[in-house]
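Visitor: Chains A and B, in that order, give the protein sequences.
At position 160 of the first sequence (counting the first as 1) the number is 160 in our numbering, and the numbers step up by one without a gap.
At position 59 of the second sequence (counting the first as 1) the number is 59 in our numbering, and the numbers step up by one without a gap.
Worth flagging that the hints you see were computed from the coordinates, not collected in a lab.
Even for Gly, the Cβ is constructed at its ideal location relative to N, Cα and C.
Each hint should be verified, as a subset may be incorrect.
[To be verified] Listed next, the in silico DSSO-like pairs over lysine-lysine satisfying Cα-Cα at most 27 Å (straight line): (1) A/Lys134 / A/Lys107; (2) A/Lys107 / A/Lys173; (3) A/Lys156 / B/Lys59; (4) A/Lys134 / B/Lys48; (5) B/Lys14 / A/Lys107; (6) A/Lys156 / B/Lys136.
[Unchecked claim] Facing chain B, a subset of chain A residues (Cβ under 8 Å, in silico): (7) Thr95; (8) Arg96; (9) Ala210; (10) Phe214.
[Claimed, not checked] Just a sample of chain B residues kept apart from chain A, beta carbon distances all over 12 Å, derived: (11) Gly7; (12) Ser26; (13) Gly70; (14) Gly109; (15) His148; (16) Gln166; (17) Leu181.
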Amino acid sequence: MSHHRRNPYRQYIPSQKFALLTPTAGALAFTSSYHPGLVAELKSRIPSTARRWDPDLNIWLIDTQYASVCADLAHQYLGVALTLPLQISTPKMETRAVKLEYLGQAKDRGDGISAFGYVNHGWNLVIPLDVLQKWFEIDISRPGVAATLYSVLGCKRSANEANIKSAYRRLAKQWHPDRCHEPDAAEQFRAIQNAYEILNDARMRRRYDAGLAFQTTITPETFTQSTTGWRSPLRCGWLLVEGMESLGRFIVSKILGWEDITDSLGRVLVSSWPAGGDTFEVDWY
Amino acid sequence: MQAIIPGSLSSIAKRQNQSLAESFLSVDVLLIVDVSGSMLSPDAPGGKTRYDMAVEELKRLQADMPGQIGVVAFSNSVQFCPSGHPTGSFGTTDMAKALEFVKPTDGIGIRFILISDGQPDSAEDTLRVAGTFKSKIDTVYIGPEGGHGRKFLQQLAAASGGQFVQSVEIAELAAPVLKLLESAR
Numbered sequence: 001m002s003h004h005r006r007n008p009y010r011q012y013i014p015s016q017k018f019a020l021l022t023p024t025a026g027a028l029a030f031t032s033s034y035h036p037g038l039v040a041e042l043k044s045r046i047p048s049t050a051r052r053w054d055p056d057l058n059i060w061l062i063d064t065q066y067a068s069v070c071a072d073l074a075h076q077y078l079g080v081a082l083t084l085p086l087q088i089s090t091p092k093m094e095t096r097a098v099k100l101e102y103l104g105q106a107k108d109r110g111d112g113i114s115a116f117g118y119v120n121h122g123w124n125l126v127i128p129l130d131v132l133q134k135w136f137e138i139d140i141s142r143p144g145v146a147a148t149l150y151s152v153l154g155c156k157r158s159a160n161e162a163n164i165k166s167a168y169r170r171l172a173k174q175w176h177p178d179r180c181h182e183p184d185a186a187e188q189f190r191a192i193q194n195a196y197e198i199l200n201d202a203r204m205r206r207r208y209d210a211g212l213a214f215q216t217t218i219t220p221e222t223f224t225q226s227t228t229g230w231r232s233p234l235r236c237g238w239l240l241v242e243g244m245e246s247l248g249r250f251i252v253s254k255i256l257g258w259e260d261i262t263d264s265l266g267r268v269l270v271s272s273w274p275a276g277g278d279t280f281e282v283d284w285y
Numbered sequence: 001m002q003a004i005i006p007g008s009l010s011s012i013a014k015r016q017n018q019s020l021a022e023s024f025l026s027v028d029v030l031l032i033v034d035v036s037g038s039m040l041s042p043d044a045p046g047g048k049t050r051y052d053m054a055v056e057e058l059k060r061l062q063a064d065m066p067g068q069i070g071v072v073a074f075s076n077s078v079q080f081c082p083s084g085h086p087t088g089s090f091g092t093t094d095m096a097k098a099l100e101f102v103k104p105t106d107g108i109g110i111r112f113i114l115i116s117d118g119q120p121d122s123a124e125d126t127l128r129v130a131g132t133f134k135s136k137i138d139t140v141y142i143g144p145e146g147g148h149g150r151k152f153l154q155q156l157a158a159a160s161g162g163q164f165v166q167s168v169e170i171a172e173l174a175a176p177v178l179k180l181l182e183s184a185r
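Next comes chain B alone, as it looks inside the complex (with noise of 0.2 Å):
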């Protein structure tokens, strides 16, 4: 069981004894984390990989915006992550499953950020639910320079009148988010 990071969901409830879905009406943006088998490639040989660097960046943001952030990580299948940590599969990227998992979320207020490193199983299957969503889908590109997943994040983001963002180095995911997030209010 991952520990609960500061700041998310379940250690403001915890901390309000509250449920988590009372914990859910201070939500302001979930961020859908791509945790597919890419995402365990290292950035630089011997070092961190994708994943332990986004969530190391997934800690910082939730500590800076504490209760207002909502984690949920996908791969080949989707996992609401309300203790902050992404979990997953590490398998394949199924990126129109996890929008239609965040669906019942649409039209309320809350901002959609989608990171990923890569392209989804279907493009095609990912674009029509991204064009059923009342809510605009921001997209953050987290993968290498001129990597193949970009130009589709690209795509998405314009799908559903979202902004593209791109952080070329991983380790630097908070700060392209947290410009989403200003540019939004």
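In isolation and in its complexed conformation, chain A is listed as follows (with noise of 0.2 Å):
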């Protein structure tokens, strides 16, 4: 799978010196001729939350309101006199439906915990870890009694049989050892077999469902299961979502919707990330 794509600011790049600031989805594209002061300066007058190299493009993606600073920069580095857009556009909320090829693990990126999804040939879509809790029905409130068998499979408290019977085949299709290649796909696929041995039966069903009940009346102090390591029990999928681009990818604050990627013989996407591999590999079945 090739992760390359053009640089479309590249054409416009004299062989002089240079900087160009151009107005794109969510954010500023800022380029310009290479020198160290500058991109240290730039590094230390723009927090990281509000810049974001690309290194496809080899461009930074600056948050819009720091424009001035990079026409400072331009002027000051380089002698080059940036005009500033005229129009920047303010990110706006939206709902989208972006197809979802592989979802990494969610980890603490500086301003908050959140995953990255293959999305466009690129990791454009970052879904924050309370968004995707949410999803799931993970009581964020409650860490270390969070993950029930529900969210091992995926489905909702309220699901009826024949809802847990098809997120049981989902989940299995997208977890069987023999199709993923994720290192605890294993382990994985057990815990989905376990939840669904459980949640499938109507007694054993009634009689978790009054644990769960207990579990949430204690505080969380009182028993904590450890909940590092945890990951969305879905990889890939259709997702209709809403929220906003920041610079140059799409911030998920809400999933709408989560579906499986089909093909017309009607066999679903798998995907999963082998040990040591550089990507992800996807695969129908």
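From these two lone chains plus the hints, build me the complex, please.
Guide: What follows is the structure, given as structure tokens:
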């Protein structure tokens, strides 16, 4: 899979000292000839949460409020007078359908814990952990007692018998060790089977639900089950999401839907990242 | 924070690396334990309180039946105690609230055994809530001989078709509880 994109800014770059500032989705694209002082001062004057280096395009994506800083730097280090874009579009909340090919592990990136999703040939989707957990009905206010068998199956607590079966089939397909090459696929598959065996049995499910009801009455300190390593039960799919552009990425604020990606033969896309691999793999089953 | 009693739900959940809700799948009995103010009375001058002795007995029961016993403590508030150690505010005896608390577990094959040394705040409310139960509620009286609470606990057990047992000495609490469980098998 190629992750390279053509640089749309490159065609405007002359051979002499230069600097360009161009509006792009939810940000400004800043590109210039290299000057170490400019880079150092850019990093010191613009907080890390308001800038991002795009290695494919060799540009800085800068929060629109720092346009004048870019102009100062271009003038100071390169002697280039930058014309500030007349119209800087303010990112707006929008709803999008995105084809998510792979969702990475949620990590702390300085401005909160989030997972990056591979969409449109790049890691262009950002889903904050709390948004993901809300979709999978994990009680984010109670870390330590949060994971439930329902969240293992990626289904709602209100799910009926048919929903449970369908969720199991979907997850079993995604995580079967013969198909999924994630390092923990076998462990995840066992957890999925265990969740299904309990939730698919009406009597056991009622007992489990009663246990959940009791569990929610205790303070999290009373019982802490490790949640480290929690991952979204689904890796890929068609997502209907609400959010807005920021620094060239779409930041999701709410997930509205999550469906499997299927082909004309009815096969489902399964993506996984093999241990030690450079990138993820996709296949149809 | 109380230590986790061996055989309690927390200890089983930790050992098997599962959630408390999952450990609930193996519960056979919920012990609803009175931790009202009167439980702080010693049965003998200078001796252990009823509460301390009840804790000792609960330890024994949970060790004998690991993962099969859930503990709920009540006084004027109710608390699920997965560590197996009953905790409470040692206030009044709101038995009706305790029964409402355990109601979500009614009708799923879990037995209820209510252990108390006193009369409830409201006998009427307690009997009304007990009347909504599908499962039987057994009662164990741990107060002094001829105490007022004895008659009510008999009444409560009868209202739900459960059994009443008296433990004259609280230090012998485990025996009548085990007897109730044996009789249910």
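Visitor: Name the hints, by number, that the structure is in violation of.
Guide: 3, 4, 6, 7, 8, 12, 13, 14
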